[in-house]
Structure formats: structure tokens, C-alpha cells
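So the protein sequences, as listed, match chains A and B.
Under our numbering, think of the first position of the first sequence as 1, with each following residue one higher.
Under our numbering, think of the first position of the second sequence as 328, with each following residue one higher.
For the record, the hints were derived by calculation from the structure and aren't laboratory data.
This structure is a prediction, so every number in the text was calculated from the model and none was measured.
One or more hints might be untrue.
As the list claims (entries may be wrong) - Keeping only pairs whose Cα atoms sit at most 25 Å apart, straight-line, the calculated DMTMM-like set for lysine to aspartate or glutamate is:
1. B/Lys-384 - A/Asp-102
2. B/Lys-341 - A/Glu-7
3. B/Lys-341 - A/Glu-184
4. B/Lys-337 - A/Glu-283
5. B/Lys-435 - B/Glu-418
6. B/Lys-435 - B/Asp-405
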Amino acid sequence: MPTASTETLPLWRPSAPLAALRARGTLLARVRAFFAEAGVLEVDTPILSRAGVSDPALTSLRARTGDGRLLYLHTSPEFPMKRLLAAGSGPIYQICKVFRDDERGRLHHPEFSMLEWYRPGWDEGRLMDEVAALVRLVLERPELPVERLSYRDLFRQRLDLDPWTASLDALRARALEAGIGGAESLELERDAWLDLLLSHCLEPQLGRGRLTFIHEYPPSQAALARVRPGDPPVAERFELYLEGVELANGFCELIDAEEQRARFLADLAIRESRGQHCPPLDERLLAALEAGLPECAGVALGLDRLLMQATGARHIDEVLAFPVERA
Amino acid sequence: MAFYSTNEFKGGLKIMLDGDPYAIVENEFVKPGKGQAFNRVRVRNLKTGRVVEKTFKSGDTVEAADVHDTEMQYLYNDGEEWHFMDPASFEQMTAGAAAVGEAAKWIKEQDMCKVTLWNGAPLSVEPPNFVVLEITETDPGVRGDTSGGGGKPATLETGAVVRVPLFVQTGELVKVDTRTGEYVSRAKD
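For reference, chain A alone in the conformation it holds in the complex:
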């Protein structure tokens, strides 16, 4: 889906203006300088893996080698980076291309640039502070205000419903009240209703003129985050928004191998029930967790979207040299 401004360009030309390409170079140099200063090691892990992501919300691209092996292009470098942490790497970061099939739009491209880093011994609060410091530095906006809001308070304050207890009927009624066309006929599970309300009604207002961290997610949306027991229990996960755009997702990482295996198997059961492809489990990650992953916090940040903020781009194609339609 090319943008109106780029679709008239000859197909050999980049869709991003040269100024955006230069801004990307500057952004990458600043990120690397930030981590050099902080004493975080840059690492490089494989893009191709024998194991694929089990998250039902993601679809891996697949490649077949000449000798017939099926390999998966990573959707994030999380699993091999955790293996490095378990091997005693200390704090590490990586800048790499990641791949997600069936994702294309103004803010999505099937291959995109990810910055991912891990801090052994840190909790999510300390990592949120570091994410804010990095973004302020890269955007050269040291005064950019920062706010934190829990997922529960966000829904309570702005939609007047409790995401932990609201019934499916109440969620649908709220979506209809908000004027979401077609909500009457959507068949969604509980978390998908929350995603619908979040993406249609809440996200556009998040991070206006500030860095907004949403944290303390419902345990059902923990993904690879630790769940903190309590009343109610919350997932130690956060998301960063700036100008209505999701920029980063972070966790206080789950380090319990048994719990991790159980979540992978639950994911695969969902994939199977939906007729999605079920990749093999990453037994090497699970073995690393059994050997001992240090307590740590980690975060993944979309560099193309950060670059869009730096350049004022409206569409991701304005910061990509060659989007998939021109690749």
C-alpha cells in the first residue's frame, strides 16, 4: 500500500527522501553511542532459526534450505539473546531486521528494524527510565515529559470499565457506544476486545507531547513477562507510546523454565485450534532457562517508528529506502 506521495515515483527509486536516509544514519550512530557510554555490549544473533515464534498474534516467514530444512525468520531476537544472557554475557543490545508476515500498513512493514536490549538485575521501572533517556537523546528532545499509567487505570479513567472484570457483553457495548463500525458482528475473545478498544479508542490519544508508558498488563497479556502475584495479579510488562504510536514493548523477563514451557504449549494449543502453523518449540531457549537466566528486564523498540517521529513522517514508507513493493 504505497503512499499517495510515493506511488508516482519510478520503482527503482527509494520511497524515502535522502534526508530521511541520512536521519536513519544519525539515529543509528546515536543509539550505538548511547549504549557504548552505558557499557552495554552490541551482539549479533541469527535471523534464521529452527524454532519459530509461538505467539498466536504473530506469523513467522519461513525459508527452506537446499537440503530441505525448514527455517524461520525471527520475529524478534529475544530467544537467542536470552541464551547469551544465560551464558553470562551481561547487558547486551542488538539492532537487526525482524520479520512478521501479513503486517502491512501506515505503521507496519513485513520487515522492520528492531532495537532490543536486556539489563540483568534491573526491574521494569528502571528500564522504563532508560528507554525514556534513549528516546529523548535520539530525538534531541531532552525536555520531553514522561508519564506512567497502569493498563487498569487507563481503561478505568478513559473508558469507565475495569479490564480485569468487565464482561464480554460490556466490552462489546462499550465498542458500540464508541461508534466502532461492525462491532455488533465481531466475534472476539476477551483480550481481543481489549485490543480493539485500546487500538481504536485509546491509542490515538496516548503520548501526545510526552512519552507515555502503559504498564502492569493483564496476566493474560503477559507474553514473556513475569506475573507479579497480588490482588489482582499483574504482568510486569510495559509499552511506550509517543504521538499515538506504539514504539516499544518491555518485560521484566520470565525466567522460570517450567512456566515458560507451559505458556509456549498454551500458545501452540491456540494456534492449533485456529488452524495456524505450529512451529517447533525452542528447546535451546528452554534449556538455557533451566540452566539459569539471570533476573533481568528487556525491551524491544521499533526503530523505523522512532525515525518517523524524528523526521515527522506520516507513513513508514517515508523512512524506508525500499518498501516491499519496491524491493
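Put chain B on the given structure of chain A with help from the hints.
Coordinates of chain B only, in the frame set by chain A:
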């Protein structure tokens, strides 16, 4: 029956919703990094022209609408319906007032029109972008004023009323842009 998946959605695609044919105007892919993806689309009802917003769960399928455009020649109006002919096959078709809509103001016999067919029957008619029509009635206007400012209403042979410059007179031919309904120039026969 053909179906489209949401990942085939793009502007111009014709789909069926609640029994009516629609065209996708705009398709926005919305997805939290960890969570359900949606396609939020703006669609135009091809019968009424009304544009509405609708959200689909990504991966869902929607029935395709059997809608396509064809070039046809307008033959005549029998008082109730408009008759068109396919210039290649000579097949004739009739369209009612609902399908012809605004095009009725502009078309005259022999004009080539874009007729949109739904399940083989005319759904809408688009006149040529430019038509040349005779002025049947307009005030004589102020002699000598050629500045073009202001203008005056003129009734055309098809009944349409457009604003024309003061120097244009009854009986003259004028070229009109049917997309804006505006006078373009005088035309010679």
C-alpha cells in the same frame, strides 16, 4: 462465490456487506505489537454513495461483490428508464433513475458512459468527464462586460443549470466539466 481475505483489502476493492455492494475507500491496518490485528476500513455503499467505517478482525474473509465497469452508449430515455447499448455486442440494457442518478443531468443520446454493473445489471452511471451542450435559456446579460466576474445561470438542453460568463448567449454550445458541474469554455459545433 468469491471471497477476499482482509490482507487483500485495498482501495477500490468491491465487497458485499449486509446484502449491498460496497467499494473500499481506505484500508488501515491496526495491530498492537502483542495482540489482535484489525483492518479498519472506510467503505462506500455503491447503491447509496454513503461512506461508513467498519472494522474487521484481520484474517477474516468477506464475500466479493460481482461489480465491474463497462463502457456503454446512451441511446434514449423512454420516459421512465434510460436505455444503453454495449457498442461491441450491441446488447441493450435499461437503467432506472436510482442507477442513473446525477448523470441524468448531463447525458444526451450517443454519449459514451461508464456503466457499473452489479450481478449483470446497471448499478450506477457515470457521464463523460466533459460534455458539450446547447444553452436553451439564459439572460442576455450586460453587453460589453467580458471580465468574467459574477456570471449568470444558464439552462442547458438536458435541463442542467450551470453558471456561465455574461457574454455567453442562448443557442450557443458550451463545454462543461460534469465532475464539478462547472462551465469550461464555449464550444464550436
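Within a Cα-Cα threshold of 25 Å, do B/Lys-435 and B/Asp-405 meet the stated pairing?
-> 13 Å, holds
B/Lys-435 and B/Glu-418: Cα distance at most 25 Å?
-> 19 Å, holds
Please work out if B/Lys-337 and A/Glu-283 have their alpha carbons no farther apart than 25 Å.
-> 40 Å, violated
Is it true that the CA of B/Lys-384 sits at most 25 Å from the CA of A/Asp-102?
-> 13 Å, holds
Taking only the CA atoms, is the gap from B/Lys-341 to A/Glu-184 under or equal to 25 Å?
-> 22 Å, holds
Assess, step by step, whether the Cα of B/Lys-341 is no farther than 25 Å from the Cα of A/Glu-7, and give holds or violated.
-> Measuring from Cα to Cα gives roughly 22 Å; hence the hint holds.
Hint violations for this structure: number 4 only, all remaining hints satisfied.
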